[in-house]
Amino acid sequence: MKRFLPNLLRLAALILLIAFLVHPELFEPLLKPLVQANAPAIYNQGSLLSLTLSHLVTVFTATFAATLVAVGLAVLVTRPVGAEFLPLSRSLVNIGQTFPPVAVLALAVPIVGFGEKPTLIALFLYGLLPVFENAMTGLSTLPKAIVEAARGTGMTAWQQLTRVELPLALPVILAGIRLSVTISLATATIGSTVAAKTLGEVIIAGLQSNNLAFVLQGGVVVAVLAVLIYDAFSAVERALARRAGRV
Amino acid sequence: MIEIENITKRYGDNTVVDTVSMTVEPRTITVIVGTSGSGKTTLMRMINRLVEPSEGMIRIDGADNRSIPGYELRRHIGYAIQGHGLFPHRTVAENIATVPTLLGWDKKRIAAKVEELLTLFQLDPAAFGPRYPHELSGGQQQRVGVARALAAEPNILLMDEPFGALDPVIRAKAQDDLLAIQKHFGTTIVLVTHDMEEAFHLADKIAVMDKGRIVQCAAPEEMLVNPATDFVETLIGAEERPFRLLSIGTAADAAEAGEAQGEPIAASVSQREALSSLLWSGREALPVVGADGASLGRVTLAGLARRAARPQ
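One line per chain: the protein sequences are X and S, in this order.
Per the numbering used here, residue 1 is the first one in the first sequence, and the count goes up by one each step.
Per the numbering used here, residue 1001 is the first one in the second sequence, and the count goes up by one each step.
The set of hints was computed from the structure by calculation and includes no laboratory data.
Quantities reported herein were computed from a predicted structural model and do not represent experimental measurements.
Every residue gets a Cβ at the ideal spot worked out from N, C-alpha and C, and that includes glycine.
Hints may contain errors.
Stated by the list, open to error - Per the computed footprint, the stretches of chain X lying under chain S, defined by three or more beta-carbons under 8 Å from a beta-carbon of chain S, are:
1. 85–96
2. 149–158
What the hints assert, rightly or not - In silico DSBU-like links for lysine-lysine, alpha-carbon gap of 35 Å or less:
3. K1183/S with K1107/S
4. K32/X with K1108/S
5. K1173/S with K1211/S
6. K1113/S with K1173/S
7. K1211/S with K1108/S
8. K1113/S with K1183/S
9. K1108/S with K1183/S
10. K1183/S with K117/X
11. K144/X with K1211/S
12. K1113/S with K144/X
13. K1173/S with K1183/S
14. K197/X with K117/X
15. K144/X with K1183/S
16. K1211/S with K1107/S
17. K1108/S with K144/X
Using the sequences and the hints given, assemble the complete structure.
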């Protein structure tokens, strides 16, 4: 019963979201009061569904790349050979996080042009830190007896990593990816300032034409996506952690 | 057979193990004892090359242990540690199958081995095989840890304080199980502990380490009678000597011809336990019976007292 209600709410949110994206005109009466007479209440300069999909593709591509690099770096610096790269790696991902994505966009556009690319670069850099720090924590706080046992049973360094260390660190790494995805979902909207196809387009169009309904629908879709994806990751993490006996 | 020759391990200026030489005979239990920081664990970990020595050589059945890669070597040497080190994300059956899987055994052979070991350790394969380690009690986890170490039928089993995390009742049971298993497989066991009680109970030979050196390596009786240094004597505990002496032999060894009344003593229990039974029952003598229930004579207070006295 305790789990039932939140799950019901999530399901309802998902159904409403899909309904809105497929048939936005059904929601027109709801949004009509927010706009001045004659102004459109539903975004009419493109399909909301295709914007949402390309928003998600951009976010997941950037996060996927950030995860590969961040986990790779974390694995490297937790090995004896890579230990000396820890301070360097940490500074690199920290710079990625402190550099504002807007500034990255501004710098990237002259180099790679308008469109998806600058957004991907900005999101990639912004997403590195949470994954890296969590992967570091996950890999360096494994119980000593277990790592020792993995070596003692005759696993090679690669087998220790893939069969014991990464599976055990996975719930913590996933938590990092979850943060990274959530941040990127919100941040991706600013990509539309440099012509990336994201839900930011709807928000920006609303701001430019003083159309509150546009701003609201862009913002709410992003927010609902973020909440649902966040919860889905949390559920996977819990399931993994429970199986590993950590809860 | 394990031959350790002039083995030394240094970390910087700190010599942890200092030119140690010893030989471990096949199918025996050698217990390395010593205080914390005496280098006993490091010495043991150099046998399966979890630690690489700075100098010296270790031969296993005549071959230098550096002649094959470390991981390959460790697959053929069982290794059990304190707190068992079971993989929490794998089931009991998968944990036990770790080394056979690494060695590439076929599935049927692995399944049969897992079942055999679980049965041997009195864990029902159907009930325990699919469970995860955190669903087991401490004693059960420890048994699975030893089962995993024995899965690939190694000739040698290294144990680092394997019973350290167990409560006294389960610990005694685990020690007896280990002795039975060692008889069953004929495994050569090297065990590190700081518990002298445990050492005298299990060991064919005890090696005492102090500050990185072996100060005495001898059979338990020999060590009791002729401790090489004051350190060994302190470690044994002077006031414990007669009882330690009794804890080495079994009641069967102390049996004398004759009849006695009272609750019979099993032939396999130690003389120390026999003495305890005599004292508690208030009798001068108790009958001894074999595993089949046949009478083997009796043990007497006077007989045990003679055995507990310093040998001349």
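Structure versus earlier hints, numbers of those that do not hold, lowest first
Violated: hints 1, 4, 7, 10 and 16.
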